[in-house]
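J.: Whenever a hint applies, use it, and build me the whole structure from the sequences.
In UniProt numbering, the protein residues as written are 1 to 412.
Please keep in mind that the hints were generated in silico from the structure rather than gathered at the bench.
All values derive from a computational prediction rather than experimental measurement.
Virtual Cβ for every residue (Gly too), placed ideally from N, Cα, C.
Treat the hints with care, as some may be off.
[As the list claims (entries may be wrong)] Each computed SDA-like pair below joins lysine to any residue, with the alpha-carbon atoms no more than 20 angstroms apart: (1) 292 / 105; (2) 135 / 176; (3) 244 / 131; (4) 263 / 138; (5) 272 / 262; (6) 178 / 248; (7) 255 / 267; (8) 344 / 387; (9) 325 / 311; (10) 236 / 248; (11) 358 / 402; (12) 178 / 199; (13) 193 / 241; (14) 272 / 362; (15) 244 / 255; (16) 388 / 374; (17) 313 / 387; (18) 230 / 242.
[To be verified] Simulated restraints, written as ranges between beta carbons of each label pair: (19) 350 / 268: 30 to 38 angstroms; (20) 211 / 395: 50 to 58 angstroms; (21) 124 / 342: 48 to 56 angstroms; (22) 211 / 255: 18 to 26 angstroms; (23) 251 / 119: 48 to 56 angstroms; (24) 393 / 43: 35 to 43 angstroms; (25) 210 / 119: 19 to 27 angstroms.
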Amino acid sequence: ENGNERNGTSRVRPTKSNTSSEAPGEEEMKGEMDEEITWEEFTKTLSGLKNGKSPGEDGLTVEFLKGLPGCWKEELYETINQAWKKAQKAINVAWGVMKRAKVNSLSRRFYLLDTLAKSGCIYGVEIWGWVKQKKMEQLRGRYAKMIMGLNSNTPDYIWKTEASRTGMELEARRRAYKYIVEVAGMKDDRWPKVCLREEARLTLNKNPTKFGSDMVKALQETEEMTTLLKNMMENKNVEWIETKLSESLRELETKLKTEIRTKVAQSRYWDKYEEITSEENFNSYWEQKQWKGWEKEQWARLRSGNLGRVGNKGYSDTNCRLCGKAEETLDHLWVCDKAKSAIKKEWVKDMENWRNAKEGTELERLTINTLQGEPKTELCRYAREFEKLVRKTRESAQAGKKTEASEEKKRR
1 ENGNERNGTS RVRPTKSNTS SEAPGEEEMK GEMDEEITWE EFTKTLSGLK NGKSPGEDGL
61 TVEFLKGLPG CWKEELYETI NQAWKKAQKA INVAWGVMKR AKVNSLSRRF YLLDTLAKSG
121 CIYGVEIWGW VKQKKMEQLR GRYAKMIMGL NSNTPDYIWK TEASRTGMEL EARRRAYKYI
181 VEVAGMKDDR WPKVCLREEA RLTLNKNPTK FGSDMVKALQ ETEEMTTLLK NMMENKNVEW
241 IETKLSESLR ELETKLKTEI RTKVAQSRYW DKYEEITSEE NFNSYWEQKQ WKGWEKEQWA
301 RLRSGNLGRV GNKGYSDTNC RLCGKAEETL DHLWVCDKAK SAIKKEWVKD MENWRNAKEG
361 TELERLTINT LQGEPKTELC RYAREFEKLV RKTRESAQAG KKTEASEEKK RR
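T.: Below you can see the structure in the form of structure tokens.
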């Protein structure tokens, strides 16, 4: 009964099939992160756990958890939600500090969020940081897009390019390598050194532990992996080990950057992004002080293709949400009659002055050339007002549907 009651009031998360939903921006993302785990999500996750396993240190098997009476499952559900809320507090505190302090530099924004959020996430990374952790990458991507003002459905390769970052994998690997070098330089009777030598011995004998397997995955691209492991086991050439691990890090960084650039070139989300971005203008506007935070965020949204519905963004209807006369491309924003009639005349005039400044240039080419450079306040302001109008239109439509539904219910 409790489960059915919860299902009736549970929140439905946006899914790929929910094509009519609006892609949330930073405020919507923050609100979504604040919401509790639903009973539906809890029961689905619990039923999906593999039998014969013990998810925690208490030794309770999955079969025991699945067989709990309804009231005990309620207690477990509440406990998990309390832990979830605590995990979100760090991010929300940093978010509040950032907004109140009007932190406009992207590096400072990342520093604030990383100080509180990432410090807890990467605890023990020296041990588990040898291989890519998908959950950590997802969390970092989620709050990175939030602090940049991007939609939650923005591909990772776009925000990483816009922020000139490669993600958590490189940082985790760097810390893991640093720890190995420190342990290799310890005295022979230190327990970490004894454990490392044993791990290397087991790995060379093709009987590795989980740590050894992860280490092999990380080092398998290194031609001298076997020599590395032998030196770890025999306690030799610590400086050589450090040099080889540093070379491996540089190779990983090059590989990750190449993967990002390849995905940018093949992007179906925003096919003009490769042309807009380049090595020269990565992240430059974020660190300059002449623009306000909202201008930088709006410029990032324009450059990243967050405005408009055309592209692989999950929308079945790509027509303009205001006029409905044409596809909602980025170029259409500047010519939409309904938008221009609703936005302040002086702001529309500023935008049209930009359009008319270079006569004979196609609008698409003008837009791309402009987005390659520094933020333009008149375009940021106009685009921001366009998005506000879209939100108002959507909210009015939703309110109308609720009214119709309530009236229909009364008639029944």
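J.: With reference to the structure, classify each hint as holding or not holding.
T.: Going through the hints against the structure:
Distance hint between residue 292 and residue 105 is fulfilled; the C-alpha atoms sit about 10 angstroms from each other, no more than 20 angstroms. Restraint check for residue 135 and residue 176: the C-alpha separation of about 18 angstroms stays at or below 20 angstroms, so the hint holds. Under the criterion of a C-alpha separation no larger than 20 angstroms, the hint pairing residue 244 with residue 131 is consistent with the structure, at around 18 angstroms. Between residue 263 and residue 138 the CA atoms are separated by roughly 17 angstroms; this keeps the pair inside 20 angstroms, and the hint holds.
Distance hint between residue 272 and residue 262 is fulfilled; the C-alpha atoms sit about 14 angstroms from each other, no more than 20 angstroms. Proposed proximity of residue 178 and residue 248 is supported: the alpha carbons are some 12 angstroms apart, at most 20 angstroms. For the hint pairing residue 255 with residue 267, the CA-to-CA distance comes to about 18 angstroms; that is within 20 angstroms, so the pair holds. With a C-alpha separation of about 14 angstroms, the suggested pair residue 344 and residue 387 falls inside the 20 angstroms cut-off, and the hint holds.
The straight-line distance between the Cα atoms of residue 325 and residue 311 is roughly 18 angstroms, inside the 20 angstroms bound, and the hint therefore holds. Using a Cα cut-off of 20 angstroms, the hinted pair residue 236 and residue 248 holds, with the two alpha carbons roughly 19 angstroms apart. The straight-line distance between the Cα atoms of residue 358 and residue 402 is roughly 47 angstroms, outside the 20 angstroms bound, and the hint therefore fails. For a cut-off of 20 angstroms, the pair hint linking residue 178 to residue 199 stands: about 17 angstroms separates their Cα positions.
Of the pairs offered as hints, the one joining residue 193 and residue 241 holds, with about 14 angstroms between alpha carbons and a cut-off of 20 angstroms not exceeded. Distance hint between residue 272 and residue 362 is fulfilled; the C-alpha atoms sit about 15 angstroms from each other, no more than 20 angstroms. Our distance criterion of 20 angstroms between C-alpha atoms is met by residue 244 and residue 255, whose separation comes to about 16 angstroms. Between residue 388 and residue 374 the alpha-carbon distance is near 23 angstroms, which puts this suggested pair outside the 20 angstroms criterion.
The hinted pair formed by residue 313 and residue 387 meets the criterion: a straight-line CA distance of about 16 angstroms does not exceed 20 angstroms. In summary, the hint linking residue 230 to residue 242 is supported, as the alpha carbons are separated by about 14 angstroms, within the 20 angstroms threshold. A beta carbon spacing of about 33 angstroms between residue 350 and residue 268 agrees with the range 30 to 38 angstroms that was offered as a hint. Our hint of 50 to 58 angstroms for residue 211 and residue 395 holds, since their Cβ atoms are close to 52 angstroms apart.
Between residue 124 and residue 342 the C-beta distance comes to about 53 angstroms, which sits within the given range of 48 to 56 angstroms. The hinted window of 18 to 26 angstroms between residue 211 and residue 255 holds, with their beta carbons roughly 23 angstroms apart. Between residue 251 and residue 119 the beta carbon distance is about 27 angstroms. The supplied range of 48 to 56 angstroms is therefore violated. One distance hint, 35 to 43 angstroms for the beta-carbon pair residue 393 and residue 43, holds here, with the actual separation near 37 angstroms.
The beta-carbon spacing between residue 210 and residue 119, approximately 24 angstroms, falls within the hinted interval of 19 to 27 angstroms.
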